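Q: If you want the building blocks of each chain, they are given just below.
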Amino acid sequence: MNGRLPGLIAKEFVQVLRDPVILFLILFLYSAELIMCTLALGFDVQNLKLGVVDHDRSEASRSVVRQLTAGDNFVLTGQFTDARELEYRLQRGALDAAVEIPPGFARGIAAGRRVDLGVVVDGSSGNVAARARAYVIEILARLAQERSYAKKHAHGVQPALRVWYNPDLTNTRFMALAMLAQAGLILGVILPAAAIVREKQSGTIEQLRVTPIQAHELFIAKITPTVVICTGAVFPALLVIMSMGVPMQGSVVTLVALTVVFLMSAVSIGVFVATITNTLQQALLVSFFGLFPLLFLSGTIAPIETMPGWLQTASLISPLRHYLDIVSGLFLKSAGIRELGRHAAALAAIGMAMFAGGWLLFKRQW
Amino acid sequence: MKSRRMLAFARKETLEILRDPFTLWVAVFMPLVMLFLFAYAISLDVENAPLVVVDQDKSAASRDLQARFLNSGYFMLKAEPDDERVAEHALMQGKARAALFIPPGFARRLERGDPAPVQFVVDGTYATTASILSAYGRAILYAFPGELRLPIQPEVRVWYNPQLRSLNFIVPGLFAVILMAFPPLLTALAVAREKELGTIAQIYASPMTKDEFIAGKLLPYAAIAFIELLMVVGGGLLWFSVPVRGSLLLLIAIGLLYVICTVSIGLLVSTLVRTQLAAMLVALILTLMPAFLFSGFVYPIFTMPTAFQYYSSAFPTRYFLEASRGIVLRGARFGEVWTYIAIIAAYTAIVFVLAAWRFQKRIA
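Residue numbers (the working numbering), protein chains in the order written: chain A, 8 to 373; chain B, 769 to 1132.
Derived by calculation from the structure, the hints in this document are not laboratory data.
Computed from a predicted model, the values in this text were never measured in an experiment.
Glycine included, C-beta positions come from ideal geometry on N, C-alpha and C.
Where hints are given, some of them may not hold.
Which stretches of chain A does chain B cover? Using the computed rule of at least three CB atoms under 8 Å from a CB of chain B, they are [as the list claims (entries may be wrong)]:
#: 1; segment: 144-153
#: 2; segment: 293-304
#: 3; segment: 337-344
Based on the sequences and whatever the hints tell you, model everything.
A: Take a look at the structure:
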C-alpha cells in the first residue's frame, strides 16, 4: 500500500486540474449559477395587475378597490366601464385579475344583505392564479370583518400570523441552499462516473489491471478529487450565501462533515453508473437519466408533501432530499446533529449500498 | 451545399444511431419518464397542507374554528398535541407546514366581546405555498365567528383553468422543458464523441463542407426529437387528460420548429467544446437550467429583476412555452402566437449559422 494509493490519487488530481474547461464549469455551477438563481428567482408574486369595473361608484365600492390595492399584492392597472374591456385585457395578458362591483353594492351592504362580487383570475399561470385568488379572498374577508365589527362595536378573533424560518417570505434563502445542494449532486455523480468510464473506453484500464492496484484502490483514487474539490467549493458558495443575508444558525463544522457524507453518497452513485456502462456517452446519458428523479424527488423544486404518497416514499432514496433537509435545518432552523442525525444515517446507508453494488459488479470486470 | 452528400451523411448518422440500441432506448424513453416524473412531482396545488392544532381552550368555539380550517380543503389535521413544543418540533422537522395555537379563555373572550388572540404559524421554507396558506388562514380567522359566508361574498372565477388544476399548465409547459433538456444533449454528445475518439478527422479529410456536416447531423437527431415530441405531447395530453382548447396541429407544427431549434443548439454546444464531459456540462448550463428556471415554467418571469428578464428572453424555451400554454389553455390561434413562431424561427437560423461558422475543419 506504501505510496501506491497516494500516487494514484495524485495522478487523478493532475488529470482533473489539467482540464480548465471542467474546472471553470465546476466553479460556475457553485457560484455564478447559485448567485443568478438566488437573485432572479427569489421573488414573491407581487404587484399583480388588477382591473376594476365599478358599476356602483359609491364610497363602499371605492373602499373595496382601495383595500385591494393597499398592499403590494395588486396594482390598479385600469378602471373600466364595461366588463367586456376586462375580458379583452385578460385575454391579452394585460391583466392578471379583475374585479367587477355590481350596482347596488353599497345599498346591499348597508341593508345587511349579502352582496356578490365578481372576481376573475387568469388561470394560465397557475402559480400566479392561486396567489391572486388567495389574496382577494383574504383582503375581502378582512374588509368584511372591519365593516361588521365597526357596526356592532365588538371584537372578533385577533389573528397573529407568524411566518417561521423565513419571515419575509422570500425564496432567496431557500433558492441559495437548493442550488448549493444541486451543484453537489450533479458534479458528485458525473465527475467520478466520467473519470472511471474514460479509462474503460480508451482502454487504459487494461494497463491499470496489470498493475498491483486493487479495485477498491482505483475507486478511492477516482472519487477523492471530486469529494475534495466539491467540499472545497462549498466555502466560496458559503460566502456567497452569507453575503445574501442567509443567516448560518448551525455550526460550520457540522455542515462540512455532513457535506462530505452527502458527497460520498453522490459519488457512490457515479461509481455505480460507471460500472454498468462501457462508453462515456452511455455513462453521461445514464447519469443524466438518474439525476432527474433524484433532483425532482428532493424538494428543491417542488415541496415533497404535495407529491402523491408513492413518490414521497420514493423520495427517501434521493440523497439530495436528505441533504436539503440538512442544509435548510442548519441555515434556517438552527437544527443540530440531534435533529439531523437520521438524515446523515440515511445518506451513509445510500452511499454504502451503492458502493457495495458498484464494487461487486466491478470486481467481475476487473 | 450538395444535398446528395448531405443526405448520405445523414443516412450514415441514422445507421449509427440505430446500431446503438442503448442510446436509442434512452433517447426514446427518457423524455416519457421525465414527463411522468415531472407531472406527478410538480404540483403547485395548495391543498391538504399538514396542520398541527394546539387547542388549549377545548371549547365549542375552538373546535368550531379548527373545523373551519379543516373543512376549507387547504389544511389537513396532522396532530393535535397539548404541548406547544410538540407542535414546534413538528414544524422544525417539516412534518407540519402550519400550526394553529388557541390559548385558554378563547371562547370566554369571544362571548364577552373582547379581542380573542389566536396564533397562526406558517413554515416559510417554501415561500410560494406559505404565502397562499397564510392568506387562506387569515381569511378563515377574519370570518370567525361570524357566518361562514361573508357579507361581501367574492365569487372568484379562474379563467382558462377553472379548477386551478396544476397539471393543466404544468403539462404544456413540460413540452417546452423536456424538448430543450434532451435533444440538445444527445446531439452535443454525438459530435463531441467524434472529436474525442478522433473519428472527426475522417470528416475533415472528406470533401464534405461545414454546412453539409451540420445539416447531416441535424436531420437524424431532429427526427428523433420529433418522435420524442409526438410521444410527449400525446402521452401528456391523453394520460393526464389535459383539455386542449386550440389546434393540436398548430402545436405540433410549432413543436417541429422548436425541436430543430433545440437540436441546433446542441450542435452549437458541440462546436464549443472538445470532450463529452464538457459538452454535457455546457449543455446543462445552456439548455436545461435556463429552460427549467428562466422560462416561466415554474417561476413567473415578471417577478424577476429586469436584467434576468432579458436573460430569460435569450432562450427559446420561453417562447415555445408561451405558445404551448396559449394553444392548450387559452385556445390561442395562429394570429396570437405568430410572434413566438417568428422568434423561434429566427433563433434557429442564427444558431445554425453560428454552429456552421464555429465548426472548423481542422485538427486542433
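Q: Are the hints correct? Go through all of them and say.
A: Hint by hint, here is what the structure shows:
Interface restraint, the segment 144-153 of chain A with chain B: holds (8 residues with C-beta to C-beta distance below 8 Å; minimum three). Counting residues of the segment 293-304 of chain A whose C-beta lies closer than 8 Å to any C-beta of chain B gives 7; at least three are required, and the coverage claim holds. Here's how the segment 337-344 of chain A fares: 3 of its residues keep a CB closer than 8 Å to some CB of chain B, so the rule of at least three is met and the hint holds.
The structure shown violates none of the earlier numbered hints.
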